[in-house]
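Those protein sequence lines, which keep their order, are chains A and B.
Taking our numbering, the leading residue of the first sequence gets 93, the next gets one more, and so forth.
Taking our numbering, the leading residue of the second sequence gets -7, the next gets one more, and so forth.
The set of hints was computed from the structure by calculation and includes no laboratory data.
Only a predicted model underlies this, so the values are computations on that prediction, with no experimental measurement involved.
Backbone N, C-alpha and C define an ideal beta-carbon position, used for all residues, glycine too.
One or more hints might be untrue.
[As the list claims (entries may be wrong)] As a list, the in silico DSSO-like pairs of lysine-lysine whose alpha-carbon atoms are at most 27 Å apart:
1. B:K145 - B:K173
2. B:K116 - B:K145
3. A:K288 - B:K262
4. B:K193 - B:K262
5. B:K140 - B:K173
6. A:K285 - B:K262
7. A:K288 - A:K353
8. A:K279 - B:K262
9. B:K116 - B:K66
[As the list claims (entries may be wrong)] Covered by chain B, according to a simulated footprint, are these stretches of chain A (three or more residues, beta-carbon under 8 Å):
10. 111 to 125
11. 281 to 295
12. 329 to 342
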Amino acid sequence: MIVIVDYGAGNLTSVARAVSYLGYDSVITDNPEKIAAAERVIFPGVGAAGAAMEMMQKKGIDLALKKAFESKTPMLGICVGCQIIMDRSEENDALCLGLISGEAREFFRNMITGNMNSCTIEGKISSPLSERSAGACSCGASSNDKFTKPVDSAKSVDDTKSMNDVETDQVMLKVPHMGWNGLDIVKDHPLLKGIKAEDEFYFVHSYFPVPVDQGDVYGTTEYGIVFASAIGRDNLFATQFHLEKSGEPGLMILRNFCTWKP
Amino acid sequence: METVIRKFFSDGDILEMLSKRIIPCLDVREGRTTKGIKFENNVDIGDPVEMARFYYEAGADELVFYDITASHEKRNIMIDVVRRVAETIFIPFSVGGGIRTLEDMRAVLLAGAEKVSVNSAAVKNPEIISQGARAFGNQCVVLGMDVKHVGEKKGIPSGYEIVINGGRTYVGLDALEWAQKGQLLGAGEICLNSIDADGTKDGYEMDLTRLISDNVTIPVIASGGAGKPEHLAQVLTTGHADAALIASMVHYGTYTIEDIKSYLVQQGIKIRPAHTYQANPSR
Chain A
93 MIVIVDYGAG NLTSVARAVS YLGYDSVITD NPEKIAAAER VIFPGVGAAG
143 AAMEMMQKKG IDLALKKAFE SKTPMLGICV GCQIIMDRSE ENDALCLGLI
193 SGEAREFFRN MITGNMNSCT IEGKISSPLS ERSAGACSCG ASSNDKFTKP
243 VDSAKSVDDT KSMNDVETDQ VMLKVPHMGW NGLDIVKDHP LLKGIKAEDE
293 FYFVHSYFPV PVDQGDVYGT TEYGIVFASA IGRDNLFATQ FHLEKSGEPG
343 LMILRNFCTW KP
Chain B
-7 METVIRKFFS DGDILEMLSK RIIPCLDVRE GRTTKGIKFE NNVDIGDPVE
43 MARFYYEAGA DELVFYDITA SHEKRNIMID VVRRVAETIF IPFSVGGGIR
93 TLEDMRAVLL AGAEKVSVNS AAVKNPEIIS QGARAFGNQC VVLGMDVKHV
143 GEKKGIPSGY EIVINGGRTY VGLDALEWAQ KGQLLGAGEI CLNSIDADGT
193 KDGYEMDLTR LISDNVTIPV IASGGAGKPE HLAQVLTTGH ADAALIASMV
243 HYGTYTIEDI KSYLVQQGIK IRPAHTYQAN PSR
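Excised from the complex, chain A in its bound form (with noise of 0.2 Å):
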């Protein structure tokens, strides 16, 4: 039986039925207990970190899944799932579990400058984390100032023409990042078998994790950076992508978990 921990973060049922589909049993639980005791965990997400961590620890769910890793569950992160493992997230300055060290970072919002695969996290302008519309989102995925100008766009912002002679330079991050994107794999890993080099995942998030051990990264994805959107360590793997909204290569993976044995 796969357990498929419900912290109160939106519709786990999608995961639920993926699961079902794949002929797998699963239940959607919130007991700590059960957590503990799962033979396979899942923690799907949608959501912001702080209110998922908030909402694990009133119920002792961040202790339960500790335990799990500990005992070597094999366990699955999804989304907002990828990045509570991490030690914090930007999101909320939420601590989070800390089964792999590093932490969920927000996406540029403003703008990048230069050669964008030469961008590095350093690099960050500003994060204007306050002003960002709250709601039951996605991932931190709602965002009403999606574009900020770019410094100098207002030269040309009239004149469609002089803006296919700009040198894109300086370029402005859609946030959040939403729709099919790629996967890089770095690094084999079980639950990637079978992926192919062509295939696309689909992405709701504002957040991504950035692991502190490359050795802990499997596959990246570029979008305004190269960040990485599959990670894992022992017994726990996880996904910035929705494996559940990714046709066949999403379902492939929620396979190869379900017969994981690591």
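With chain A held as given, fit chain B onto it using these hints.
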């Protein structure tokens, strides 16, 4: 006005990072799919769940369902359809048509839809957009717009006016202003349907699509008029649309999703490839 910042990018790096989406649209009446030509003479095609699965396997990136059931009492038929679709396909899909209240929204989202689309209800009560965005997140709320070209006139500076009731009622709203207001209220996406182009198979309304796309920062799905793959290529490049809605060109088997996608790939458009395997071979 926020003007054409988007243009700056849509030829640049950022927007091209995401794949353009191909979205079959299914009109559903009392649990069965139809396809309307200019919203009249609907012809029954079949089971929405089967069609959803068919398009899912063919590589559709997303699906849109419009409930065109006339009577409010029969609305729960659609909820059942949504639930069965959610058990059958594993890509995002949205549901629109007859969504009037927050409770209507909640019902389709709980049944398994990823997004919910509001159209005439939002014209009558724009607050429904902000309420939905607050309750479920911006990414859940799609603003559906039915638009007719009326020419520049007082109150309609863009020359495009919002219509409701299947194109029969003009509401005196400028399409561009409405799109921008919708974004401000918290819509996560716009589904832009040209009533003039709808059902013609002569191509999308390019000027309209580009006008709206260039003046909002949320994704725009172009709708109405698709007849051949070239039309999708046009609207996804020069039309600046993020996604293209298709209906009869695939419903009647004239083209397959594979045909369309391989054409778009040839044109150098970033497209998610169709699946080449099944995770559950026993299906």
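We went through each hint and held it up to the structure:
With a C-alpha separation of about 20 Å, the suggested pairing of K145 (chain B) with K173 (chain B) holds against the 27 Å cut-off. Among the hinted pairs, K116 (chain B) with K145 (chain B) is consistent with the structure: their alpha-carbon atoms are about 22 Å apart, no more than 27 Å. Under the criterion of a C-alpha separation no larger than 27 Å, the hint pairing K288 (chain A) with K262 (chain B) is consistent with the structure, at around 17 Å. Restraint check for K193 (chain B) and K262 (chain B): the C-alpha separation of about 24 Å stays at or below 27 Å, so the hint holds.
Of the supplied pair hints, the one linking K140 (chain B) and K173 (chain B) holds, its CA atoms being roughly 18 Å apart against a limit of 27 Å. About 25 Å separates the Cα atoms of K285 (chain A) and K262 (chain B), which keeps this hinted pair within 27 Å; it holds. Straight-line distance between C-alpha atoms of K288 (chain A) and K353 (chain A) comes to about 22 Å, which keeps the hinted pair within the 27 Å bound. Simply put, K279 (chain A) and K262 (chain B) have alpha-carbon atoms about 25 Å apart, close enough for the 27 Å limit, and the pair holds.
Taking the CA atoms of K116 (chain B) and K66 (chain B), the gap is about 22 Å. The hint holds against a cut of 27 Å. Counting residues of the stretch 111 to 125 of chain A whose beta carbon lies closer than 8 Å to any beta carbon of chain B gives 4, which reaches the threshold of three, so the coverage claim holds. Figure legend: the stretch 281 to 295 of chain A, annotated as covered by chain B; annotation consistent (6 residues with Cβ-Cβ distances under 8 Å, at least 3 required). Counting residues of the stretch 329 to 342 of chain A whose beta-carbon sits less than 8 Å from any beta-carbon of chain B gives 7, enough to reach three: the coverage restraint holds.
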